[in-house]
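Build the full structure now, drawing on both the sequences and the hints.
These protein sequence lines are chains Z and G, in that order. Numbered by my numbering, the letters in the first sequence go through residues 2 to 299 in order. Numbered by my numbering, the letters in the second sequence go through residues 178 to 359 in order.
Hints may be right or wrong, so weigh each one.
Unchecked claim - With a Cα cut of at most 25 Å, we get these calculated PhoX-like pairs of lysine-lysine:
#, chain 1, residue 1, chain 2, residue 2
1, Z, LYS36, G, LYS208
2, G, LYS285, G, LYS232
3, G, LYS357, Z, LYS121
4, G, LYS357, G, LYS208
5, Z, LYS295, G, LYS285
6, Z, LYS36, G, LYS265
7, G, LYS243, Z, LYS293
8, Z, LYS293, G, LYS208
9, G, LYS265, Z, LYS211
10, G, LYS357, Z, LYS36
11, G, LYS208, Z, LYS295
12, Z, LYS293, G, LYS232
13, Z, LYS295, G, LYS243
14, G, LYS357, G, LYS285
As the list claims (entries may be wrong) - A short, non-exhaustive set of chain G residues, derived as facing chain Z with CB atoms under 10 Å:
#, residue
15, MET252
16, HIS264
17, ILE278
18, ASP282
FYI, nobody ran anything at the bench for these hints, they're computed from the structure. Computed from a predicted structure; not experimentally measured. Every residue gets a Cβ at the ideal spot worked out from N, C-alpha and C, and that includes glycine.
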Amino acid sequence: MNKFRLLLTLMLAVPFFSLAQDDLMGLLDEDTEPKTEYTYASFKSTRIINGHSIENPAEGVLQFVVSHHFGRINQGFYDLFGLDQATVKLDFQYGVTDRLAIGLGRSSYQKTFDGFVKYKILRQSIGEQIMPLSLSYVAGMDLNSLKWQYPERDNHFSSRISYFHQLLLARKFSDNLTLQLTPSLIHKNLVEAKADENDLLALGVGGRYKITQRLTLNAEYFYRFTQQVSTEYYNVLSVGVDIETGGHVFQLHLTNAQPMFERGFITETTGKWADGDIYFGFNINRVFTLKKPKEFRD
Amino acid sequence: MKKLVFFLLSAILISNISVAQRYITKSGHIKFFSSTPVEDIEAHNRTVQMALDSKTGDVVFKVLMKSFQFEKALMQEHFNENYVESHKYPNSTFQGKVTGIDKVDFSKPGEYKVQVEGTLTIHGVSNEISKEGAITVKEDGIHTGSVFMVSPADYDIEIPAPVRKNIAKEIEVTVDCDLKKL
Numbered sequence: 002m003n004k005f006r007l008l009l010t011l012m013l014a015v016p017f018f019s020l021a022q023d024d025l026m027g028l029l030d031e032d033t034e035p036k037t038e039y040t041y042a043s044f045k046s047t048r049i050i051n052g053h054s055i056e057n058p059a060e061g062v063l064q065f066v067v068s069h070h071f072g073r074i075n076q077g078f079y080d081l082f083g084l085d086q087a088t089v090k091l092d093f094q095y096g097v098t099d100r101l102a103i104g105l106g107r108s109s110y111q112k113t114f115d116g117f118v119k120y121k122i123l124r125q126s127i128g129e130q131i132m133p134l135s136l137s138y139v140a141g142m143d144l145n146s147l148k149w150q151y152p153e154r155d156n157h158f159s160s161r162i163s164y165f166h167q168l169l170l171a172r173k174f175s176d177n178l179t180l181q182l183t184p185s186l187i188h189k190n191l192v193e194a195k196a197d198e199n200d201l202l203a204l205g206v207g208g209r210y211k212i213t214q215r216l217t218l219n220a221e222y223f224y225r226f227t228q229q230v231s232t233e234y235y236n237v238l239s240v241g242v243d244i245e246t247g248g249h250v251f252q253l254h255l256t257n258a259q260p261m262f263e264r265g266f267i268t269e270t271t272g273k274w275a276d277g278d279i280y281f282g283f284n285i286n287r288v289f290t291l292k293k294p295k296e297f298r299d
Numbered sequence: 178m179k180k181l182v183f184f185l186l187s188a189i190l191i192s193n194i195s196v197a198q199r200y201i202t203k204s205g206h207i208k209f210f211s212s213t214p215v216e217d218i219e220a221h222n223r224t225v226q227m228a229l230d231s232k233t234g235d236v237v238f239k240v241l242m243k244s245f246q247f248e249k250a251l252m253q254e255h256f257n258e259n260y261v262e263s264h265k266y267p268n269s270t271f272q273g274k275v276t277g278i279d280k281v282d283f284s285k286p287g288e289y290k291v292q293v294e295g296t297l298t299i300h301g302v303s304n305e306i307s308k309e310g311a312i313t314v315k316e317d318g319i320h321t322g323s324v325f326m327v328s329p330a331d332y333d334i335e336i337p338a339p340v341r342k343n344i345a346k347e348i349e350v351t352v353d354c355d356l357k358k359l
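Written out as structure tokens, the structure is:
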């Protein structure tokens, strides 16, 4: 009986003492995982290359993007492979909330002003609420402010305006790989010829692959279901890299589109890769925190 | 047999008593602060989990790295994505002991300086550390506090050349947790 008692004492006491600390950690284990964990950093920038990515600026953050597309590479040495010419876009995006962003831009190409509203409808997540992909809706318009080509005609202001609607469907498959589908509808108030459609449908396919923590390889292609008949345009294909340096993201790319707004690069791309009509371009992204998070407000 | 029953009962009772010597919080606060001539970076986490056994001196921390809030959203994203890699190592933990816990009188309000020793794990890398801290016994629980330096390099957190001037080699960590009796 004595031996039995001793054994029992040991059995009860030993695990208790040796496991005391593990036990303590066990107390903390329960709700350490957040209820729903949203995917973040699917892309390094709010644009894959020319087009929108699933990313938005965070609430209270102003994102300033300076974009350049130089001239065509096949112009040769005389134009230093296009570097003598450049089209520029200044692009401001602001996060009203973490899900809603608004943007304003001005491109030198056709002296175009553009604006958009972008809303995150679904966010890819794991945990309590599982969502396999992210879905955003972007609606925008652009305004060509060039002087009227035929001033003697009866010109309407509305003719300067085009609209676009896009759904962004993205999934971050792994830390490195994100893919996105971008069904797009572009409506032009004025088309070049009577035979041309006002509404054009296109599907964008894009993605990024992370090579290192701070370098990604990006590609983007828009296939047009509706072809314009009066002028021959091409589908836009772009490839590039994103380089993140801490405060900035530099995006360097090659593309066959000169314009940097949706109507332009999706439906009016004049360059043909096979002919060497390739434009070298870059976007420089810089963010400014205009509204601090709660914790940091005085 | 009666004796055995009595013994079993008292064993269960004793273990219950020792469980009652525990203090816990799930909303502790940890701040970190990096200061360089270029910029100061500060982040706060208010979901820190901590438990302390006032009898044995055992102490544990569990910190969900994603819960650190930065002033700049992009910095927060980079912190998680590139530096501490929160998707791979979601939590930082500390598991250790308060040496000389018997000197702290948990029934008498007051501040007691203590030494804490144990294993700090950040970014999947564990290091033995020994830091000073204080336990303040209050009417309704205890407060634990400590300020110490942590070097990212010790935890294989690589800081790339372009931002090396912006991030301090030693980061000041401030622990500020109010614990309640479990």
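Status of each hint after checking the structure:
no. : hint                : in the structure
1   : Z:LYS36 x G:LYS208  : holds (23 Å)
2   : G:LYS285 x G:LYS232 : holds (15 Å)
3   : G:LYS357 x Z:LYS121 : violated (40 Å)
4   : G:LYS357 x G:LYS208 : holds (20 Å)
5   : Z:LYS295 x G:LYS285 : violated (36 Å)
6   : Z:LYS36 x G:LYS265  : holds (18 Å)
7   : G:LYS243 x Z:LYS293 : holds (18 Å)
8   : Z:LYS293 x G:LYS208 : holds (17 Å)
9   : G:LYS265 x Z:LYS211 : holds (16 Å)
10  : G:LYS357 x Z:LYS36  : holds (24 Å)
11  : G:LYS208 x Z:LYS295 : holds (15 Å)
12  : Z:LYS293 x G:LYS232 : violated (43 Å)
13  : Z:LYS295 x G:LYS243 : holds (17 Å)
14  : G:LYS357 x G:LYS285 : holds (15 Å)
15  : MET252              : holds (8 Å)
16  : HIS264              : holds (6 Å)
17  : ILE278              : violated (13 Å)
18  : ASP282              : violated (21 Å)
Against the hints set out earlier in the document, violations occur for numbers 3, 5, 12, 17 and 18.
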